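Chemist: Spelled out, the chains give:
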Amino acid sequence: MYRSHVLVCGGTGCTSSGSPQIIERLNDEIVKQGLQDEVAVIQTGCHGLCALGPIMIVYPDASFYSMVKVEDIPEIVSEHLLKGRVVTRLLYDETVTSGGVKALIDTDFYKKQHRVALRNCGVINPEVIDEYIGTGGYEALGKVLTEMTPDDVIQILLDSGLRGRGGGGFPTGLKWKLAKQNDADQKYVCCNADEGDPGAFMDRSVLEGDPHVVLEAMAIAGYAIGANQGYIYVRAEYPIAVDRLKIAIEQAREYNLLGKDIFGTGFDFDIDLRLGAGAFVCGEETALMTSIEGKRGEPRPRPPFPAQKGLFGKPTILNNVETYANIPQIILNGAEWFASMGTEKSKGTKVFALGGKIHNTGLVEIPMGTTLREVIEEIGGGIPNGKKFKAAQTGGPSGGCIPAEHFDIPIDYDNLISIGSMMGSGGLIVMDEDDCMVDIAKFFLEFTVEESCGKCTPCRVGTRRMLEILTKITKGQATMEDLDKLEELCYYIKNNSLCGLGQTAPNPVLSTLRYFRDEYEAHIKEKRCPAGVCKSLLSYVIDRDKCRGCTLCARNCPAGAIIGSVKNPHIIDAEKCVKCGACMEKCKFGAIVKK
Amino acid sequence: MENVTLKINGMEVSAPKGSTILEAARLAHIEIPTLCFLKEINEIGACRICVVEVKGARSLVASCVYPVAEGMEVWTNTPKVLDSRKKTLQLLLSNHDRKCLSCVRSGNCELQQLAKELGVEDESYYDGDKTPSCIDDSAAHMLRDNSKCILCRRCVAVCENVQGIGVIGANERGFHTNIGSAFEMGLGETSCVSCGQCIAVCPTGALTEKSCIDDVLAAIHDPSKHVIVQTAPAVRAGLGEEFGYPIGTDVEGKMAAALRRIGFDKVFDTDFSADLTIMEEAHEFIHRVQNNGVLPLITSCSPGWVKYCEHYFPDMTENLSSCKSPQQMFGAIAKSYYAEKAGIDPKDIVSVSVMPCTAKKFEIGRADEDGAGYPDVDYSMTTRELARMIKKVGLKFRELPEEKFDEPLGLATGAGVIFGATGGVMEAALRTAVETLTGEELADVDFVDVRGTEGIKEATYKVAGMDVKVAVASGLGNARKLLNMVKNGEADYHFIEIMGCPGGCVNGGGQPQQPGHVRNTEDIRALRAKVLYDLDKSNPIRKSHENPAIKELYATYLGEPGSKKAHHLLHTTYVKRSVN
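Protein chains in written order, with my numbering: chain X, 2 to 596; chain C, 539 to 1118.
FYI, nobody ran anything at the bench for these hints, they're computed from the structure.
A few of these clues could be false.
[Said to hold, decoys possible] Looking from chain C toward chain X, a few residues come up when the C-beta cut is under 10 Å (computed):
{"#": "1", "residue": "A584"}
{"#": "2", "residue": "V589"}
{"#": "3", "residue": "Y664"}
{"#": "4", "residue": "D667"}
{"#": "5", "residue": "M1023"}
{"#": "6", "residue": "V1024"}
{"#": "7", "residue": "G1027"}
On a predicted model such as this, the values are computed, not experimentally measured, just so you know.
Ideal Cβ positions, reconstructed from N, Cα and C, are used throughout, including at glycine.
So that you can see chain X by itself, here it is in the shape it has in the complex (with noise of 0.2 Å):
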């Protein structure tokens, strides 16, 4: 027994900002201080604060110490793990109040939270399977092997209301219900861990802080439909998660939960990996199966649906790891529990990848029906350095903007789509008035155009042809004729292409222009961008009356665009500056202005 546990995040973000240095310093004062036998450091998934990392939560306690430096290590040994004083200055600043420590759960960014899907992140060692089991894992399982039918399990998903989390939002009892349906010889689960959306990693932070979970529930999935063999098709980009993955079969298969004759009852089943190359149409699940067949990772037509012909032709149903993560939880709560979560049509919660414009870039889990104002103002800390919020990107490369009219929508499937965007797999960007609505939807369809996999011609063609009008825009080339032909090219690729990465592309583009229109206008009729931010469009300009000749602007110009003596004012070269802004940042008088 220890009589104190360090949780180290080990999730992407923290790794990245250091938290495996941390823990190897952990570990080597506490040798030092000899408390080896009474302290234990575990390395965890994902807290969510990412914005904070690393973060080390010292428990039994609770402390959450936020942007932990290697230098920090000692000090926090040596007072909080040896002495008990917990070493305030280091904690994160919204647990501090000036009455003592607030709990973590009860701070902004966690008390509107409802964990689910993340129920593990951040508090077991993914990499121990005794420490998934020890919060309930895989009872689950057990329980649908020994006292359900399949046609149980199916009921409960049916009755919870649980929908799909990557993004289509298609109810998951009734894909398994079909799939049952089809007698075959051979069926398949396949759990899709190929998250591409810019920006988002709900599913990145399941597989890398709570493994076990996707296994048990493919399992249960597998005993649902009649299938023995599931395989996980997870970007090779996500090593951690690769890695846990494997540590977590490995284990599952030792303790026999994978494999044959699971809990005795000669249910039979097995999962391998397959790792995508990082194609963003493979998160499609026709592709997705096209690639674990070997081939080039391309969409086919529907029907036959996979849950007829899927993987090898055979019938196959494909869920997402956040789907998949709820599972566990819907056998052992029951449908009630997770059908008293949510709005009418959407139940359960869903995970945000927060980023953008916002303080606290991270994960959150919300329920269904948490208002957009919620997330982003209290959840999410607001929009930072006072700015003005202008719209939040739902659905990545799929989804729309969702202006500020719509800030108190609640967030739900059909309410979202109602407001042309999309819940998508759960990217949320803030936008604040310091972003174009054209760039941003340049942004998202130039993701597109660069992952369209080539095969069907609205998609490989047509999407060019929007950009290649988006950047005319941007560039103040484009007439009024030019936009209408880019509107009549959305409406044409949501109809014409083949699957869901084509029909949905033109998405950014319409939203914007819905909500955002005048700022089209503007580029295109007056050559401007209001917000400032296509370079075509500005000028930087110096005023005579503020500069007072200091040079420093034009010694830090790269162009050479800047031309002036001593003490006199300056003047900017419009044909040789490069519009990179590096003037108006130097100038200490303010006299350098955007136009």
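For this one, chain X is given, so just place chain C on it according to the hints.
Modeler: Relative to chain X, chain C alone:
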């Protein structure tokens, strides 16, 4: 067959369960345009030309792959559908070189035809950047110009799914997607067998044979040259399609007349050397059977097949007949026997062939194909090139008289002409081998078991007290299946005929291109093959060994089949190649 009832454009249609909307619409006399779709070969729903509206569907659906269902409601002609198809086409055109005036496919291009049918009034509407591309001319037989490619992937599908080769596929992705070989290799560096099936299915001018029309015309107009031409059996069964005749029209007589008017000094027939091939090959077969030689003996007429064997079954090249193909035998005899007989120095003879084949262009450059000390064949043209040449020199093909081939290398039997259809070589060989082995005249020369367009055919014949087991495969995917059976000891044939192209030479890679919608609804192979079997039937001589010109050739020049001289002129060697 169970039927379902659906509504198409408000009209009730009954269609077999499992059929596609495209097929159901055809039953209702509606032709939905297609581009990428090739039945059973390329069913990928990629081009989106065939989209239709289906009640309840989230987006338009590709009718070529969308199955019908009871009570389904489909619209094929709403403004939304028609506008979508037009936009798809305009997008394709925006990334297409649109140099129709100088394109060999002009007038026979599916893209051009669709632009006309769908009413594309502004082909440059979506113009923008173009996918970077260059021309791959590394292979002996063909060119790939991706600036004309519309990425329908028909070539990829036929190479992979029909021929089982798969040396081409999509490279890169998105707007940069291009069809080519792995690792940016030129086609000539790969184990492409030159069958040309990719060209045959290409809807545009992206894939074309390397043309030798101008070289041949130059030779014809060089007074110092004696230019002779041979035409393969299948050419006469396909050429007419280029001049508006229905598929399956025999144009042998007009073809001979056209060749003469183009200016060839002699118009000969490969059917003659097909008879010669039978003499040598039947002899070789009997010799192998009687002397415990390597069996099964496999035919070597099809250069696509021969190259395939060298790449993919290099341990079976011993099974290949050492006989040259009829094209090469013809050339060797032309530059030896004929040259001698006509008193012409073989160096002045230009030997031209017209073939339904692109692999023949590769074959003329092979080693050990120069029996008389000069290349057996100097130029090998496809049926399509001949059609272009006829048009180029201004001949009104349909008005030409029917003429005969020149003697002596134009005289052939019914056995020679059926070489152009799958099973034909086998049947011709059996006619001669059986009579040779038994010494008796055949009561019935029709070996119908080996006829037909099926991919693999088998038969056993009792000949002189022995069960002779034969098999016939056409299309290299079928060849692979058959050879694997032989390799695994699951079959013990004595004699196998393999043709590289499905259905044999009538469906060769050098034959006239038929658009996808025709290929999907008509059996081109059977229609063209019928021409050859009809010619066989109407020929008074139906056995190669009874061809008087062949008899004379052996009597006055070669001696016996398999003689030293015959070997020197008419047989060749093979190499073992790798797969890449």
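Chemist: Measuring from the C-beta of V589/C to each C-beta in chain X, is the shortest one below 10 Å?
Modeler: 6 Å, holds
Chemist: Per the CB criterion, is D667/C less than 10 Å away from chain X?
Modeler: For D667/C, the interface hint holds, since the closest Cβ of chain X sits about 7 Å away, which is under 10 Å.
Chemist: Quick one, is the A584/C hint okay against chain X at 10 Å, beta carbons?
Modeler: Where the cut-off is 10 Å and the nearest Cβ of chain X is about 5 Å from A584/C, the hint holds.
Chemist: Would you check whether M1023/C satisfies its interface hint, that is, whether its CB is within less than 10 Å of any CB in chain X?
Modeler: 24 Å, violated
Chemist: Hey, does the V1024/C contact hint survive, CB to chain X under 10 Å?
Modeler: Since chain X brings no Cβ nearer than about 28 Å to V1024/C, farther than 10 Å, the hint is violated.
Chemist: Can you verify the interface hint for Y664/C: is its Cβ closer than 10 Å to any Cβ in chain X?
Modeler: 5 Å, holds
Chemist: Would the hint on G1027/C be counted as holding, given a Cβ-Cβ threshold of 10 Å to chain X?
Modeler: 28 Å, violated
Checked against the numbered hints listed earlier, the structure breaks hints 5, 6, 7; every other hint is satisfied.
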